[in-house]
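Novice: Single-letter residue listing:
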Amino acid sequence: MDDAYYVDLIYLCAFGAGGLAFALGPMALVHLVAARRTRQTSNKTGQFIECGMDPIGDAWIRYSAVYYLYALVFVAFAVDVLYLIPVALVYNRQFAWRDLVETVVFVAVLSLVIVYAWKKGVFEWNRKPSSTAPPS
Amino acid sequence: MMPQTERSAADGPQETFVLNLGPQHPATHGVLRVKLTMDGEYITRAEPVPGYIHRMHEKMGENRTWAQFLPNTSRIDYLSAMTYTHAYVAAVERAARIEVPLRAEYIRVITSELNRLSSHLVWFGAFLLDLGGFTPLLYAFDDREKILDLLEGLTGSRLTYCYYRIGGVCNDVDEAFVQGTRDFVAQMRPRFGMYRDLVTDNVILRKRLEGIGPISAELCRRYGATGPVIRGAGVPYDVRKVEPYSVYGQFDFEIPVFPEGDCMARYRVRMEEMAQSLRIIEQAIDRLPAGPVMAPSVPRVLKPPPGDCCFAVEAARGRFAVRIVSDGKEIPYRVKLRTPSFSNLSLFEEASRGMLLPDALALMGSLDLVIPDIDR
Amino acid sequence: MEPQTELDCSPLVRFAALDDLLALGRANSLWPLTFGLACCAIEMMAAGASRFDLSRFGAEVFRASPRQADVMIVAGTINKKMAAAVKTLYDQMPEPKWVIAMGNCAISGGPFVFPGQYAVVEGVDKLFPVDVFVPGCPPRPEALIEGILELEKKITGRRRWPVVKPQ
Amino acid sequence: MMLSLPQLAEAFGQLLRNGATRPEGQAPEHPGSPGAANLAAPATACRLTDYALKGYHLDVTVSPGEVVSAASLLDGEGFALDAITGLDWMADGQMEVVYDYFHPRNALRVVVRTRLPRAEPVVPTISTVFPGANWHEREAHDFFGIRFLGHPDLTPLLLPEDADYHPLRKDFALS
Chain S
1 MDDAYYVDLI
11 YLCAFGAGGL
21 AFALGPMALV
31 HLVAARRTRQ
41 TSNKTGQFIE
51 CGMDPIGDAW
61 IRYSAVYYLY
71 ALVFVAFAVD
81 VLYLIPVALV
91 YNRQFAWRDL
101 VETVVFVAVL
111 SLVIVYAWKK
121 GVFEWNRKPS
131 STAPPS
Chain A
1001 MMPQTERSAA
1011 DGPQETFVLN
1021 LGPQHPATHG
1031 VLRVKLTMDG
1041 EYITRAEPVP
1051 GYIHRMHEKM
1061 GENRTWAQFL
1071 PNTSRIDYLS
1081 AMTYTHAYVA
1091 AVERAARIEV
1101 PLRAEYIRVI
1111 TSELNRLSSH
1121 LVWFGAFLLD
1131 LGGFTPLLYA
1141 FDDREKILDL
1151 LEGLTGSRLT
1161 YCYYRIGGVC
1171 NDVDEAFVQG
1181 TRDFVAQMRP
1191 RFGMYRDLVT
1201 DNVILRKRLE
1211 GIGPISAELC
1221 RRYGATGPVI
1231 RGAGVPYDVR
1241 KVEPYSVYGQ
1251 FDFEIPVFPE
1261 GDCMARYRVR
1271 MEEMAQSLRI
1281 IEQAIDRLPA
1291 GPVMAPSVPR
1301 VLKPPPGDCC
1311 FAVEAARGRF
1321 AVRIVSDGKE
1331 IPYRVKLRTP
1341 SFSNLSLFEE
1351 ASRGMLLPDA
1361 LALMGSLDLV
1371 IPDIDR
Chain D
2001 MEPQTELDCS
2011 PLVRFAALDD
2021 LLALGRANSL
2031 WPLTFGLACC
2041 AIEMMAAGAS
2051 RFDLSRFGAE
2061 VFRASPRQAD
2071 VMIVAGTINK
2081 KMAAAVKTLY
2091 DQMPEPKWVI
2101 AMGNCAISGG
2111 PFVFPGQYAV
2121 VEGVDKLFPV
2131 DVFVPGCPPR
2141 PEALIEGILE
2151 LEKKITGRRR
2161 WPVVKPQ
Chain V
3001 MMLSLPQLAE
3011 AFGQLLRNGA
3021 TRPEGQAPEH
3031 PGSPGAANLA
3041 APATACRLTD
3051 YALKGYHLDV
3061 TVSPGEVVSA
3071 ASLLDGEGFA
3081 LDAITGLDWM
3091 ADGQMEVVYD
3101 YFHPRNALRV
3111 VVRTRLPRAE
3121 PVVPTISTVF
3131 PGANWHEREA
3141 HDFFGIRFLG
3151 HPDLTPLLLP
3161 EDADYHPLRK
3171 DFALS
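So the protein sequences, as listed, match chains S, A, D and V. Note that our numbering has the first sequence beginning at 1, numbered continuously upward. Note that our numbering has the second sequence beginning at 1001, numbered continuously upward. Note that our numbering has the third sequence beginning at 2001, numbered continuously upward. Note that our numbering has the fourth sequence beginning at 3001, numbered continuously upward.
Rather than coming from a laboratory, the hints here were simulated on the basis of the structure. All C-beta atoms, glycine included, are put in the ideal place defined by N, C-alpha and C. It is possible that some hints are incorrect.
[Claimed, not checked] Heads up, incomplete: computed chain V residues facing chain D, CB under 10 Å, no partners named: (1) Tyr3051; (2) Gly3078; (3) Trp3089; (4) Leu3158; (5) Pro3167.
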């Protein structure tokens, strides 16, 4: 164990603490500065917002799988961007074909997801034939 | 209990859910509530629930004298207040056998058509706002403010005009109004070309409107829908032509009709109608006769003879009819207001069945609803 | 549960200078709730559109969700069927929140009040507290802008914009 | 097809004459004939009216049992429903229901009216003929308490959903 290891560890801890402060600081600040209560007339402050009406029925029901796929595609690209930022930061020292090819391969593999989903008709919102029948 | 749609066993049961669209929702243009039963993104049933701005206009008609009801008429459909006031005063004039001077009729036509233009401009801005485009609203309101300036100079109010009187109009037009209207017509003409380039020819708009929300002529007839809705379904029904009232018979104008019946057809009908309104205004201003603007013999206390009568006008949203029943007293026995938005909305439940929710909002926007016009 | 419209909602810690800063920020970026009811809503739209351009005073961000809104502009008649929904929306707005009653209907029921009326709530202040009343039937867009400036004055304690005096 | 007013009046006259066999048993006294305006208002009548004075061309009074067949007749001729409204004749102890029809292709307006006892205003629904009548009938039920037999859903439309009052009845303000 050399000193450099501990210095790195201190850096890591400081970075972690800074990150936490960024995440938790605003919450703490808001807790102190924000209004504690809300004036209300009919005790509906915590109700789900549905255009001023009381919600009808429950939201915990079976949804179409298309929503799930849609969300997955979205998450894939959100994570994609998350990884691309450090790549861009590390690779900006000098231009290297290898780095470019690596990045392109990474994005291309993810883009295949879109092509696959597209082919599968995820973005079409097609109704299954059985559900086009009028409701009973 | 929530209704469930039948599905094949392989899918497993996907449940429908009930969603309130409105009363506070930007897409319902006011306080309409639509109870949606959704199957994913698709509408299984959309049941409009009006009544959130019911303001007792018909009850108030039985509580005040014939003339005192006038301010109410401009607050039913506040976007085309002139046409609504026109229907009411004309119905009372018909019941009380009052002859309106020709100049007053011309002024009524000019102001009604200006009001129709300003109403369509609000629809244009708000409809495109529904579809996700904000900029056209700014252009439309720019043009609309010019109309409001003209009407404000004449009537004293920007929106809820109470300018027509039983027997005429309350004051004569001045030179500034006549010249201002001429200037406005000249300014407005080239704007339609701009709207076409900016909005109508836009690919995104066409994809969102063409073939969306088809309403057939038969559907319109069964629900009594009128105005741009029925004209967008290929039926040339316009009260101004079918039952010419006031002096509309004297002008040369066309009724724009598009047979497709989709949202784009209704959009085009209104855009064309604005140009036709300009034609009417131009002709009326050129031929404006001299003379008084108020009938000489309107009694101070009006007591129409017992009986009922109707008067229908073409408001910006369709056929607006007033049925008044008099029992010979100075207070109406009954004032029935037949409003176009009420009938136009009633077909929404049938027309929107099985549509995607965003398309249904385009359909609702293309009906051009004014909610107090439904609820009265 | 009883209506709680007179609650003390003040935060846990208060600093005079920070409060002033927050008030200044709030007053100059009021986010109204998109809540058009009737005729007045058109004038509210006109106030936000070209010519009157409410964004000059930072109040053009009309929010559709009450959670994101600071000020409820009650623009139009409230009837008894609607009253529950209006109260719900008021409840769902987070503090600090303000209410502008725009137009005679929201102030007192306006022209729709007569002996034996069965539908209209005679003024939104019957439901919850109102900060600024803007009279008119409907009020001009300038009047609404003046109402918003009055609200800014109420929040910060001073008026940033000059008052136009009639000549 | 251009529909002419005398033809329509004749069709209504036929309808009313056929109605003589209806259970109520009231024979129409003056079945309307084209061009002949019956100024007296019998239980059932078909009158041509002066459009310039009234705003409609044909004024038909039917018995409550006949509103559906009148609606079917007009539906077959391509008419559209304009409005349904009530009228409270408190002094006569009667309730009137007025059906306004317009024609989307011809300048023809027809008014069909019927009178009901005020104590129990019941009339069959025409929403089976014109689906647009659904809302108009609900509105008339809101305001006057007229019951439309066979209507799918008479919950208040414009009034609050729990409303039990009928504000356009003439005795409403007194209560």
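Novice: Using the nearest Cβ pair, does V/Tyr3051 come within less than 10 Å of chain D?
Specialist: violated, 34 Å
Novice: Do the numbers back the hint for V/Pro3167, that is, is its least Cβ distance to chain D under 10 Å?
Specialist: holds, 5 Å
Novice: For the hint on V/Gly3078, does the least C-beta distance to chain D fall short of 10 Å?
Specialist: violated, 36 Å
Novice: Classify the hint on V/Leu3158 as holds or violated, based on whether any CB of chain D lies nearer than 10 Å to its CB.
Specialist: At 8 Å from the nearest chain D Cβ, V/Leu3158 passes the 10 Å test, so the hint holds.
Novice: Can the hint on V/Trp3089 be confirmed by a CB-to-CB distance to chain D that is less than 10 Å?
Specialist: Violated, because the Cβ-Cβ distance from V/Trp3089 to chain D comes to roughly 20 Å (cut-off 10 Å).
Violation of the numbered hints given earlier is confined to hints 1, 2 and 3; the remaining hints are satisfied by the structure.
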